[in-house]
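If you want the building blocks of each chain, they are given just below.
Number of protein chains: 2
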Amino acid sequence: MHAITLPEFGEPEVMRWAEQQDPQPGRGQVLIDVVATAVNRADLLQRQGLYAPPPGATEIPGLECSGVIAELGEGVTDWHVGDRVCALLSGGGYAEQVVVPDTQLLTIPEGLDLHVAAALPEVACTVWSNVVMDAKLRAGQLFLVHGGGSGIGTHAIQVATALGATVAVTAGSAYKLERCNELGATVLVNYREDDFVAAVREHNGRGADVILDNMGAAYLDRNVDALAPDGQLIVIGMQGGVKAELNLGKLLPKRGTVRAAALRARPERGRSSKADIVAAVQEQVWPMIADGRVRPIVHAELPITDAAQAHRLLDSDETVGKVVLRVR
Amino acid sequence: MHAITLPEFGEPEVMRWAEQQDPQPGRGQVLIDVVATAVNRADLLQRQGLYAPPPGATEIPGLECSGVIAELGEGVTDWHVGDRVCALLSGGGYAEQVVVPDTQLLTIPEGLDLHVAAALPEVACTVWSNVVMDAKLRAGQLFLVHGGGSGIGTHAIQVATALGATVAVTAGSAYKLERCNELGATVLVNYREDDFVAAVREHNGRGADVILDNMGAAYLDRNVDALAPDGQLIVIGMQGGVKAELNLGKLLPKRGTVRAAALRARPERGRSSKADIVAAVQEQVWPMIADGRVRPIVHAELPITDAAQAHRLLDSDETVGKVVLRVR
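Residue numbers (the working numbering), protein chains in the order written: chain A, 804 to 1131; chain B, 804 to 1131.
Honestly, I wouldn't trust all of these hints.
It does not matter which identical chain is used: a pair holds within one copy or between any two.
[Stated by the list, open to error] When the alpha-carbon atoms are kept at most 25 Å apart in a straight line, the in silico DSS-like pairs for lysine-lysine are as follows: (1) 1046 / 1057; (2) 939 / 1057; (3) 1053 / 939.
Derived from the structure by calculation, the hints contain no laboratory data.
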């Protein structure tokens, strides 16, 4: 098969579409003929040598895909050759074929294009695990998501709105904020002009009950300021750096929580596992997609051989939603 | 009535046992004839002017007491004049009488001395709310509590042991560690000589699932290092300062949580309230005391007129367990 390889780390151009050994499904795994994959920030970091795949994972980038099951490994009984699926991967999506544990497979939501489905597993699993399973966002609460125009952001806005929460977003342009508003966000903060702490406090007099953050260090102190009593800050990205001062004196009187979590490093099975998250997403999020409450937002779809351009596009901060890579 | 007053902030000697207006129980409150109260770190801070009582609370120190109900406010139906009780207070325990919402009353555990019961409400409510209700410590997990010889420490060791957790402690002397060991702790770290991060990692190869911390800034980075995957750090005191660098890059791969919480600032009713915590303690912790799995550990009992000496004693770091102040 062909796959994107990284003969060296660096700029987008280092990626090569090259012949690779065909993967073989082991026990409990399936082989997927990949139809499409999608770009994540982690792919850009991996390409630069800043984010090594977890132990045992392939070096081929790509954390999600859609496709058709081509072969079943031993012990797989719930799926069949020919099933149309999408999947949460620990790597290997930028390829014609990939193997994945059957516990990380999802059906294609009714009525959804198979290529578009490649844009769903990462955002759906990240948002559901952090915002709902862990932080337990519920109706009536105020949810703040930074980078409202990102793949995560556009999905999180819709899921939180479907749950009955009020959604606040930050984004860097009026255009992005408009798009966030169309998806359900009502508290709109252009971070180039306005202070999100003041905005969420003004909205309800208390602050945000749950914050989903991709900025890490750069926003840590202001995120703590923006938390409501019993509020929870969940850091899933560190685009603004890794280390920052935490003022426990601000956190303590309001019983604030700071949590950081990466989906890719989770175990396959057991507590907090990918298997648990995928099962919950299939059961709880897929119906929201089937009935139209949550739509996959795709900014662009490019052929996999244009992966470099796709990376530059994501890096430009001009996208709204996901960038999909077409393999077939 | 008489009560401890703070005509000025400063050294223990500023405290005065002086005539004060008798408190009157409002709706949903009871008046208690105080038999004993107990000393908390927060009292020492309040005496120094470093910890103001929450809005609406009395200026008289004292976060817990035991005694006898002297009068019922309107609408109190579950308690009677003459009932022997202990209570979680937002202040006012260093006095002959105190008023408290009836939702913050606890019965006296069977067979327990009424004076000793004054040592229970703060430690029981703090440990249960943070370690069990929030962090959900369970059998088989590794629990680390700093200051194992403190009132909180001696109680937390016993509760965690009763739940089936393995308990690690830090303390500053071999004597204190021996006492912690008698109460159930099996991983014993003298913080003057040994590194608790290495100790918990060596114990199970993963680290601590739940850490209860009173040191704040001084231990933040090492506490993060000591966390197991999905581990939770709960900061309830800031004896080692308020601000410290948090390395999100360490927290993220293991999905770590940093939480800080103060009991005194919690709302009386509703979510995360004192009422909820007190009800849970009555239901879950009191049976552990009645059957001897958890014993109140009292280092010394002094007359309330020796409050200054009691404060110096707690401040000496030589105590194991609580210091009780006898009012009657």
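Hints versus structure:
no.: 1; hint: 1046 / 1057; in the structure: both (23 Å within a copy, 16 Å between copies)
no.: 2; hint: 939 / 1057; in the structure: both (18 Å within a copy, 20 Å between copies)
no.: 3; hint: 1053 / 939; in the structure: both (22 Å within a copy, 24 Å between copies)
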